[in-house]
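Given chain D's structure and the hints, the job is docking chain A onto it.
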Amino acid sequence: MAVAFWILAAVSVAAGIAVFVVDSMARATFALLASLLAVGLAFLLIDLQYLGVLIILMMVMEMLIMAVFMIMYMMNPAGLMPMKMVHNNRVAALVAGAVFALLAVGIFLTPWPRRRGEPPADPTHALGLSIMGPKMLVMMVIGVAILATMISTVVLATHRGRYDRYGDDLTRRPPDDPGPGHAHSPQPPVEHHHACGAPNPGEERT
Amino acid sequence: MSEQTPVWSVIALPAVLAALALAAAVLDAVLGGFRASSPLGEVARLLVQQRRRTLLPDTLLLRIGVVSLVVAPVLAGIVIPLGDIAVADLAVGIVWFNAMEVCVWGSLWLTGWSVNSVYPLVGAYRFVAQGLAYELPHMFALITVGLGAGSLRMSDAVRAQQELWFVVWMPLAFLVYLISALAMAFWGPMGAPLGGDIAGGSRAELSGPDRLLFQSGRYVLLVVAAAAAVPLFLGGGAGPLLPSWLWALIKTAAVLGLLVWVRHRVPVVRMDRFTQCSWLVLIPVSLLQLLVVGVVVL
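If you read the sequences in order, they're chains D and A.
For what it's worth, the numbering used here labels the leading residue of the first sequence as 1, then goes sequentially.
For what it's worth, the numbering used here labels the leading residue of the second sequence as 1, then goes sequentially.
Extracted from the complex, chain D is given alone in its bound form:
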């Protein structure tokens, strides 16, 4: 147990350092993912299975979405060239050192509560009761707020709405879509007949 914890802790910190050492966007992203996965596995060590597995699940998805956005906004196309992962080193080091010192002091000064009672037999069940019991109102408000944020972000980000696609009275059929294979696309439509059923040597073997 203790050995596993220290290994995971070392992996987590080492991968965290690797984020700033490597020279590629993709490697930095996946080093960060490795670090967070080690944290997720550490949760499994203290029997918080649900939270541990959830961390693994969410972090993989988050890192992949982050990779998409990071590379989308890179100055070199697709972020394929090697690049430096650190900028403004002196100030960054100062800020990081200050935050670390603050947190470390906080750890030592906080009067940590003494453990009372025993861990529940099923922590997942207890977690669910805790969230859906006394914290129900908070969770529901947060849930609706997150949903509203997601919808409004998509609405703000979308470049074409349904009136662009279906016309002013929403009757245009087929919709005016910019993808390939449509009458209104700027380039001549490219037909992609994926020959399903028909033998197509050289594709989809094994």
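Source of the hints: derived by calculation from the structure; they are not laboratory data.
Every value quoted in this text rests on a predicted model; they were computed, and no experiment measured them.
Wrong hints could be hidden among the right ones.
These stretches of chain A come out as covered by chain D in the derived footprint (C-beta under 8 angstroms, 3 or more residues) [what the hints assert, rightly or not]:
hint	stretch
1	54-64
2	80-93
3	97-106
4	125-135
If the Cβ cut is set under 7 angstroms, some of the chain D residues that face chain A in the computed set are [what the hints assert, rightly or not]:
hint	residue
5	A26
6	Q49
7	Y50
8	V53
9	I56
10	L57
11	V60
12	M61
13	L64
14	V68
Pair ranges (Cβ atoms, derived) [what the hints assert, rightly or not]:
hint	chain 1	residue 1	chain 2	residue 2	range
15	D	M132	A	G33	50 to 56 angstroms
16	A	S37	D	M132	27 to 33 angstroms
17	A	W279	D	H125	28 to 34 angstroms
18	D	A14	A	G208	27 to 33 angstroms
For glycine and all other residues, C-beta sits at the position ideal for the given N, C-alpha and C.
Just chain A now, kept in the frame of chain D:
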């Protein structure tokens, strides 16, 4: 359901997965008009084929991507009971299954990115887009099962179906699960990440052992997706006369056969269209199913 995991199950799981994956490949070849032995020939060919290298590949990430495409579905498979016994019947087995199959997003993206070539990268981004489309309805379908069983443990889900299989009273969740299983294994109608229009997509630059691992990983993924449908919706190993492990195997083979067959009957769907369908149809449908199951459980 047993507390102790027998050692043989650890060995049996990869063996069963490999056998089913090979069976799926053979069925796919036969349906595609090839000889039944052609997958074996392809395996032999890829084993001796020399690796083709692209300019400046990120070899480390490529290896991680290709290997994890095989490892992730096997890890997802440890919670699936073969009959009565799973390798690890975790208390959060359904979430574990979901977490492991999401790791495939990483595998495919890494594979597409690291060869430093355009079409594989396009394929990788297609898969991430498709992932964003299928993942939410997929999760809702899994949650519906968890809600119906009152537990996230696979064996509890099987036990909850002794009276009535979940496929009977949550058919929409089952349908959503099957569609998302296709998308998860980027198979058939959801095969755009490996599309012919982008020269084979994510696997375009893979050759030799890399390609063999990639292809096997994809089939193992398909097998695991089919196998998980059995404890989740089809009553696990329940059935008359035959022993439960055989029933589980028969049901898995049936779902797998259906998934393989679909590839030869349905054209590839563009991921933007799938996203539209997924967010406008599948998510409301799966939420509705969740509501119905929730009301029944209450």
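To see whether the hints hold, each was checked on the structure:
As drawn, the stretch 54-64 of chain A meets chain D at 4 residues by the rule of a beta-carbon pair under 8 angstroms; at three or more, the given contact holds. Given as covered by chain D, the stretch 80-93 of chain A passes the check, having 3 residues with a CB less than 8 angstroms from a CB of that chain where 3 are the minimum. With 6 residues having a Cβ less than 8 angstroms from any Cβ of chain D, the stretch 97-106 of chain A passes the three-residue criterion, so the hint holds. For the stretch 125-135 of chain A, the stated coverage by chain D holds: 5 residues have a C-beta nearer than 8 angstroms to a C-beta of that chain, and at least 3 were required.
Below 7 angstroms, beta-carbon pairs count as interface contacts, and D/A26 has one with chain A at about 5 angstroms; its hint therefore holds. With its C-beta approaching chain A no nearer than about 5 angstroms, D/Q49 sits inside the 7 angstroms limit, and its interface hint holds. The criterion of a C-beta within 7 angstroms of any C-beta in chain A is met by D/Y50, whose closest approach is roughly 5 angstroms, and the hint holds. With a least beta-carbon distance of about 5 angstroms to chain A, the hint placing D/V53 at the interface is held under the 7 angstroms criterion.
Nearest Cβ of chain A to the Cβ of D/I56: about 5 angstroms, under the 7 angstroms cut. The hint holds. Using the Cβ-Cβ criterion of 7 angstroms, the hint placing D/L57 at the interface with chain A is satisfied: the shortest such distance is roughly 4 angstroms. With a least beta-carbon distance of about 5 angstroms to chain A, the hint placing D/V60 at the interface is held under the 7 angstroms criterion. Here the hint on D/M61 is kept, as its CB sits about 6 angstroms from the closest CB of chain A, short of 7 angstroms.
Because the beta carbon of D/L64 sits about 5 angstroms from the nearest beta carbon in chain A, less than 7 angstroms, this interface hint is met. Given hint, D/V68 at the interface with chain A, holds; its Cβ is 6 angstroms from that chain's nearest Cβ, closer than 7 angstroms. The supplied range of 50 to 56 angstroms is met by D/M132 and A/G33, whose beta-carbon atoms lie about 54 angstroms from each other. The hinted range of 27 to 33 angstroms is not satisfied by A/S37 and D/M132, whose Cβ atoms lie roughly 56 angstroms apart.
For the pair A/W279 and D/H125, the supplied restraint of 28 to 34 angstroms holds, since their beta-carbon distance comes to about 32 angstroms. For D/A14 and A/G208, the Cβ-Cβ distance of about 32 angstroms falls inside the hinted range of 27 to 33 angstroms, so the restraint holds.
Taken one by one, the earlier hints fail for this structure only at number 16.
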